[in-house]
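**Q** Protein chains in written order, with the numbering used here: chain A, 5 to 718; chain B, 5 to 718.
Because the hints were derived from the structure by calculation, they are not lab data.
It is possible that some hints are incorrect.
You can't tell identical chains apart in this list, so a pair holds if it fits in one copy or across any two.
Said to hold, decoys possible - In silico BS3-like links for lysine-lysine, alpha-carbon gap of 25 Å or less: (1) Lys668 - Lys65; (2) Lys358 - Lys667; (3) Lys667 - Lys131; (4) Lys290 - Lys358; (5) Lys389 - Lys444; (6) Lys65 - Lys482; (7) Lys634 - Lys667; (8) Lys38 - Lys317; (9) Lys525 - Lys556; (10) Lys556 - Lys667; (11) Lys556 - Lys317; (12) Lys581 - Lys667; (13) Lys581 - Lys247; (14) Lys668 - Lys556; (15) Lys64 - Lys668; (16) Lys96 - Lys492.
Remember, it's a predicted structure, so these values are computed and weren't measured experimentally.
2 protein chains.
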Amino acid sequence: MKLLNEKVVSNLELDPLFHPRAIAVLGTSENTNKIGYLQLMALLDGGFEGEIYPIHRSAKKIADLTCYASVKDVPSQVDLAILCVGIEQVEKCLIECGESGVKTAIVFASGYSEIGEAGIVAQQRLKDICDQYQIRIIGPNCVGLLNTTNGLMGTFSPGLTHVPLNKKREAGFVTQSGAFGVLTYIAAAQQGLTFNYFVSVGNEADIGFSDVIEYMLHDPNTTIASGYLEGEKNPEKLRKLAKYALEINKPIVIMKSGRSTAGSRAAASHTGSLAGADQVYDGFFKQTGIVRADDYTDIISFSKLFMSNKMPKGRNTVIVTSSGGRGINEADRCESYGLNIHPLSDNVKQQIEKTIPSFASASNPIDLTAAAAITHPQLFLEPLKALVHDPETDIIIFSEFPMSWDENTPELQEFVELCKNSDKFILVTTFPLEGMSSPKGISYLEEHGIPFVKGDMNPVRSLAKLVDYREAYDKAKKEQAKPKEIYKSNIRHLLLENQTLSESQSMEILNAYGIRTVRRKIARSAEEAVAIAESIGYPVVLKIDSPDIPHKTEVNGIRLNVQNAQQVTLAFDEISKNATTHCPTADIHGVSVQEMLAEGVEVIIGVTNDETFGPVIMFGLGGVFVEVFKDVSFRVAPITRQDAIDKMESLAGYQLLQGVRNKKPVDQEAIIDVLLKVSELIQDYSDAIKEIDINPLIVYENGIVAADALIITK
Amino acid sequence: MKLLNEKVVSNLELDPLFHPRAIAVLGTSENTNKIGYLQLMALLDGGFEGEIYPIHRSAKKIADLTCYASVKDVPSQVDLAILCVGIEQVEKCLIECGESGVKTAIVFASGYSEIGEAGIVAQQRLKDICDQYQIRIIGPNCVGLLNTTNGLMGTFSPGLTHVPLNKKREAGFVTQSGAFGVLTYIAAAQQGLTFNYFVSVGNEADIGFSDVIEYMLHDPNTTIASGYLEGEKNPEKLRKLAKYALEINKPIVIMKSGRSTAGSRAAASHTGSLAGADQVYDGFFKQTGIVRADDYTDIISFSKLFMSNKMPKGRNTVIVTSSGGRGINEADRCESYGLNIHPLSDNVKQQIEKTIPSFASASNPIDLTAAAAITHPQLFLEPLKALVHDPETDIIIFSEFPMSWDENTPELQEFVELCKNSDKFILVTTFPLEGMSSPKGISYLEEHGIPFVKGDMNPVRSLAKLVDYREAYDKAKKEQAKPKEIYKSNIRHLLLENQTLSESQSMEILNAYGIRTVRRKIARSAEEAVAIAESIGYPVVLKIDSPDIPHKTEVNGIRLNVQNAQQVTLAFDEISKNATTHCPTADIHGVSVQEMLAEGVEVIIGVTNDETFGPVIMFGLGGVFVEVFKDVSFRVAPITRQDAIDKMESLAGYQLLQGVRNKKPVDQEAIIDVLLKVSELIQDYSDAIKEIDINPLIVYENGIVAADALIITK
């Protein structure tokens with residue numbers, strides 16, 4: 005496996021960054037307000053386990069550490085240099101590092117690509133130095149890097165260095181926004197989750213977002229790789245990593261921002277105009293099994309849930325509450341995120357009823373009433389005893405928990421034993437009140453693998469994401485390795501450069517990849533048109549054929565349901581006249597005479613080029629469904645058979661393919677087949693094809709036909 | 005105005021409850037664990053301004069207050085009795101209260117309607133006592149009532165009595181869930197919002213949810229009436245109150261739970277099966293201008309925003325941030341809730357650029373960078389100076405705020421002055437970190453009417469709701485008082501009891517209300533059918549007509565596009581045969597011969613009976629749009645012209661009515677007309693009509709025709 009090789013290289017290269025034996029701090033300062041001082045103190049206060057070498061032009065000692073005038077003077081092999089210097093000194097320092105054999109560096113300075121042209125040039129110079137000396141850097145324009153398992157506080161930010169550490173540290177976090185990353189780090193720590201790695205990648209002159217994800221995936225002490233992303237520069241790598249992550253069951257959780265800023269883009273094809281950048285990201289995350297965090301809270305909650313080492317077996321959820329109102333609200337929340345609040349069987353209900361007071365309710369959500377919250381906390385045990393044996397229950401949510409139970413409370417010990425011996429996924433949460441929402445027994449629960457997540461972290465949404473993740477994980481295991489062989493011929497000669505191909509040119513390309521298109525032939529005269537019509541059989545359709553007229557209805561260039569020779573002649577003349585009137589300079593190839601297709605379900609398949617991801621394949625229902633409801637889905641090419649199935653099933657109007665109003669289901673296999681063929685086509689000619697629009701494709705109970713197509717070349 | 009009379013009565017009646025001069029506490033106890041003791045202490049600790057009379061069989065004094073053996077012995081007029089007694093003593097105590105002329109009471113005891121049949125009977129006895137003695141009660145099975153402006157702590161709940169009060173108290177809160185209400189009360193107090201009234205209405209034996217809303221609307225010191233609702237028992241009253249609330253600009257904000265628990269209901273008509281209870285509530289809230297809170301956080305945030313006494317003029321929003329990442333995320337959030345992050349004009353951008361560092365960004369979201377957060381807080385002032393004069397900006401959100409500014413900081417004073425003299429809606433918020441998200445200057449901001457809401461209270465969502473509210477308020481002012489006169493005839497004789505009427509019977513009723521239906525006549529023989537067809541003109545449609553066959557396609561009882569006499573004869577025979585074969589016992593009126601309607605846009609209008617609201621009117625697009633996409637909207641009858649317009653515009657597929665794919669827009673006035681006529685019809689005969697289903701109605705560029713209809717009577 006190719007990734008395995010990459011792994012060795014990558015981890016060897018980044019290991020000195022995360023596990024340095026010796027660090028040099030360039031730009032150390034005696035001024036307690038300067039970042040050079042703050043950085044040094046951060047390492048000392050953090051209890052960094054290796055050697056620390058402050059670099060200072062003149063000082064002998066700072067904070068009891070011997071200073072060196074240059075990194076070249078340091079007696080040890082320096083693994084990591086931290087550059088606390090302004091932009092004007094960065095290059096000089098970095099060269100010195102290179103000359104001293106330093107392996108990695110963090111560059112805090114700003115003034116690079118974020119300020120525009122001049123900065124981009126300066127940043128390229130940094131990159132060149134890195135390449136020359138084989139030095140790997142984080143930054144520039146970043147907040148730095150933390151490894152909280154060895155005291156490596158590679159940052160000057162007081163927001164990071166003053167946060168108490170929690171015991172468990174097995175989720176890594178990489179961020180493209182320094183400030184937002186710091187906020188997330190603190191918020192997570194306040195919820196009991198200290199990231200083992202925190203990496204602010206800044207401008208990514210060298211090490212990028214997915215490089216860090218890769219490191220975390222390969223790191224044996226990391227269970228989850230999470231991140232805050234504004235734009236991925238190496239989607240191909242991230243895609244491979246995501247596949248690998250699913251294989252080894254290490255979730256990648258990413259909060260991707262900029263949903264709204266995609267804006268509209270000019271695009272000649274229908275598909276292009278529908279592909280907002282965020283929709284493409286969404287499709288990418290779905291097809292790769294990357295968990296998409298809607299907010300920073302999801303990163304925290306999902307990590308805590310996943311670290312319990314259990315996964316929900318399904319979506320059937322029971323809520324146990326001490327407030328009827330709260331129970332209803334949590335039930336609403338569960339269902340809004342796709343969890344199922346199932347009715348309990350009579351048997352289970354009766355078992356519970358026997359053990360709780362008559363005014364409590366044994367229906368789901370199970371309401372133990374305020375009595376449980378205040379005077380009778382032992383009631384919280386009772387439903388659990390029955391539910392752990394209920395085959396219909398997958399998830400149990402305690403929306404409140406006794407505040408007074410601690411590790412010495414026998415009921416809490418019994419609660420934990422019941423949970424541990426059960427295959428149910430059990431979550432404890434509380435209503436978020438300041439200073440009043442952390443039951444005493446939390447740490448005991450967490451030590452035994454029962455996750456506790458406060459209500460303001462939206463644990464229910466993350467729970468639903470965990471179920472989604474589990475499904476993606478299961479699917480990945482089943483996924484067929486190879487799509488079936490596709491018959492195809494070489495079409496290079498058809499792909500003239502930078503053209504909008506005519507309908508018949510486009511159709512020819514589809515044919516070459518085994519996609520059935522409507523029967524048609526170009527007529528150059530009315531007589532020829534009649535002859536073609538008679539060979540196809542009436543009724544026929546006549547369409548103007550010209551690469552200069554992509555939107556034929558606009559020039560009145562189509563005649564449907566043409567019934568006989570006389571009508572063909574008339575239609576030919578009219579269409580030709582309309583075209584020359586509307587587009588006097590158009591290069592007209594003739595009039596395409598086509599079979600009139602029977603009614604079926606119209607769908608649309610398209611390819612557009614995404615700035616980030618390259619070719620992206622769209623599928624949707626045709627006609628008004630695409631125009632009015634924008635009911636389409638995207639996946640990044642190439643797609644698998646499972647991607648094709650997911651694309652269809654994720655449509656709001658999927659039912660239309662399954663048959664409604666007494667109609668038979670359409671040939672979904674035929675749709676999958678075309679999707680995979682289009683995927684193959686765009687993969688083979690991604691250098692030459694810019695956009696494809698097959699609209700409409702008509703699907704029948706058996707078979708599928710492309711009725712129109714438009715291909716734009718690069 | 006009728007409501008004015010009701011007001012006087014209602015406020016006179018409930019005033020003793022909220023503003024009692026003398027309170028008797030029945031069931032007072034010396035045992036410090038009993039609610040009779042807790043209640044007494046709550047009044048004393050709360051500093052209640054009036055007289056307090058503990059009622060105790062034997063004690064002379066409790067907590068230094070003279071006790072009385074019975075409420076009858078109290079020397080003053082008791083306005084409010086608080087019954088801290090078990091269910092077995094409630095009736096006796098209440099009668100004593102009644103005999104002593106006590107005006108209002110709170111009943112905490114449980115064991116009433118919430119436990120089923122026996123409890124319902126006991127509760128009715130309470131209600132009878134109330135009626136007999138003209139006493140108004142809150143409860144039973146409730147947590148009690150608070151008036152935080154006069155120290156009336158009518159509750160034993162430590163969750164309520166131990167919460168510090170905030171200065172501003174002008175939002176009232178009524179709840180159908182005691183425990184969830186208490187949590188909301190505490191959460192609000194922690195965010196600086198103390199409700200002036202807190203009312204747990206319990207089982208609502210007498211005073212109900214909307215009675216309390218009414219009291220709050222009439223109370224001059226209440227600015228907002230909010231509540232937590234599980235099910236409204238008097239929607240007609242709530243609707244009137246909502247209308248009144250819009251007139252006086254006092255928002256009603258309600259969190260309605262149970263979105264998911266509506267479940268499916270058996271219903272004969274299409275409309276019935278689509279009307280989930282929650283969708284009907286949603287329609288009700290939209291048409292009445294009631295602000296729907298999605299969570300308790302919305303109640304808190306909305307109230308804080310509204311209490312600023314400003315309303316946003318529109319949706320154009322600028323974000324000012326010190327973290328680029330946070331700015332992008334808040335922009336995403338704004339757009340997801342329907343606020344518009346507009347590009348700033350060059351002029352405004354240049355003004356801002358002049359005053360901020362070069363590495364900061366003057367584009368929206370405006371990023372002042374970490375420099376503003378840490379070393380240069382005065383930067384927060386600069387964009388504000390330009391934005392307050394920008395005519396294109398309606399809202400300014402500061403997603404962070406200097407932590408160090410306090411009331412003595414000149415910059416904060418300048419900030420406040422700028423805000424106060426501007427018509428922009430300005431919101432200050434922060435990222436929610438424990439102990440780190442409350443800038444020092446908050447109280448100074450709030451004193452000057454600039455709302456501060458922490459990030460975990462989702463202020464952006466509430467801001468969007470405030471814009472919605474403003475629009476509802478503006479629309480209400482414009483609303484025409486009366487719909488146009490509708491021609492109608494008496495149809496009482498047509499409404500046979502408890503029937504599914506045949507298509508032609510249903511059509512006749514629609515005609516009587518001036519709704520144009522397809523031309524048709526019942527034929528009892530093939531000859532008659534041919535004669536009718538010839539008078540209508542070919543092509544025609546033939547349909548079986550029988551009240552026992554509501555779904556005609558299922559028995560193969562429809563023939564479309566019948567072209568001539570021969571085909572009519574054949575169709576008549578086939579349809580008749582199919583009907584008798586499939587439904588041998590059906591009462592067949594004949595075969596309806598109808599004009600074949602031209603193609604238009606199919607819509608559906610229906611009426612169903614909602615358990616809570618009574619007749620509810622549905623509108624949607626027909627065919628697959630209703631079947632697959634469930635693209636429908638509901639409003640409670642009767643509806644106004646504006647309701648009808650909103651119904652149309654709220655459809656996902658509204659564009660189909662405006663004309664797509666070169667089609668002309670359809671006659672929306674005709675749709676409004678039918679909606680108002682159906683509303684009139686169901687209002688006139690709500691005693692007799694259960695459901696109406698007009699499906700499809702065909703709308704044309706001009707005009708509308710009901711092609712099929714089904715009416716079910718009660």
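**Q** Each hint: holds or not?
**A** Results of checking the hints against the structure:
1. Taking identical chains as interchangeable, the C-alpha atoms of lysine 668 and lysine 65 are never at most 25 Å apart, the minima being 84 Å within one chain and 83 Å between chains.
2. Proximity of lysine 358 and lysine 667 under a CA criterion of 25 Å is satisfied in neither setting, with 51 Å inside one chain copy and 66 Å between copies.
3. In this assembly of identical chains, lysine 667 and lysine 131 lie within 25 Å of each other by CA distance neither inside one copy nor across copies; the values are 61 Å within and 57 Å between.
4. In this assembly of identical chains, the alpha carbons of lysine 290 and lysine 358 never lie at most 25 Å apart, being 45 Å within a copy and 44 Å across copies at closest.
5. Only within a single protomer do lysine 389 and lysine 444 lie at most 25 Å apart by alpha-carbon distance; the minimum there is 22 Å, versus 49 Å between protomers.
6. In the homo-oligomer, the alpha carbons of lysine 65 and lysine 482 never lie at most 25 Å apart, since the shortest distance is 61 Å inside one protomer and 77 Å across protomers.
7. Both within a single protomer and between protomers do lysine 634 and lysine 667 lie at most 25 Å apart by alpha-carbon distance, with minima of 23 Å and 18 Å respectively.
8. For the identical chains of this complex, lysine 38 and lysine 317 are neighbours neither inside a copy (53 Å) nor across copies (45 Å), given an alpha-carbon limit of 25 Å.
9. When the C-alpha separation of lysine 525 and lysine 556 is checked against a cutoff of 25 Å, the pair qualifies only within one copy, where the shortest distance is 17 Å, while the shortest distance between copies is 45 Å.
10. For the homomeric pair lysine 556 and lysine 667, the shortest alpha-carbon distance between copies (16 Å) is at most 25 Å, but the shortest distance inside one copy (31 Å) is not.
11. Taking the shortest Cα distances, lysine 556 and lysine 317 never come within 25 Å of each other, neither inside one copy (53 Å) nor across copies (44 Å).
12. When the C-alpha separation of lysine 581 and lysine 667 is checked against a cutoff of 25 Å, the pair qualifies only between copies, where the shortest distance is 24 Å, while the shortest distance within a copy is 40 Å.
13. For the identical chains of this complex, lysine 581 and lysine 247 are neighbours neither inside a copy (55 Å) nor across copies (62 Å), given an alpha-carbon limit of 25 Å.
14. Within a single copy, lysine 668 and lysine 556 get their C-alpha atoms only as close as 32 Å, which misses the 25 Å cut-off; across copies the closest is 19 Å, which meets it.
15. In this homomeric assembly, lysine 64 and lysine 668 never come within 25 Å of each other (Cα to Cα): the closest approach is 86 Å inside a single copy and 85 Å across copies.
16. For the homomeric pair lysine 96 and lysine 492, neither the shortest alpha-carbon distance inside one copy (56 Å) nor that between copies (92 Å) is at most 25 Å.
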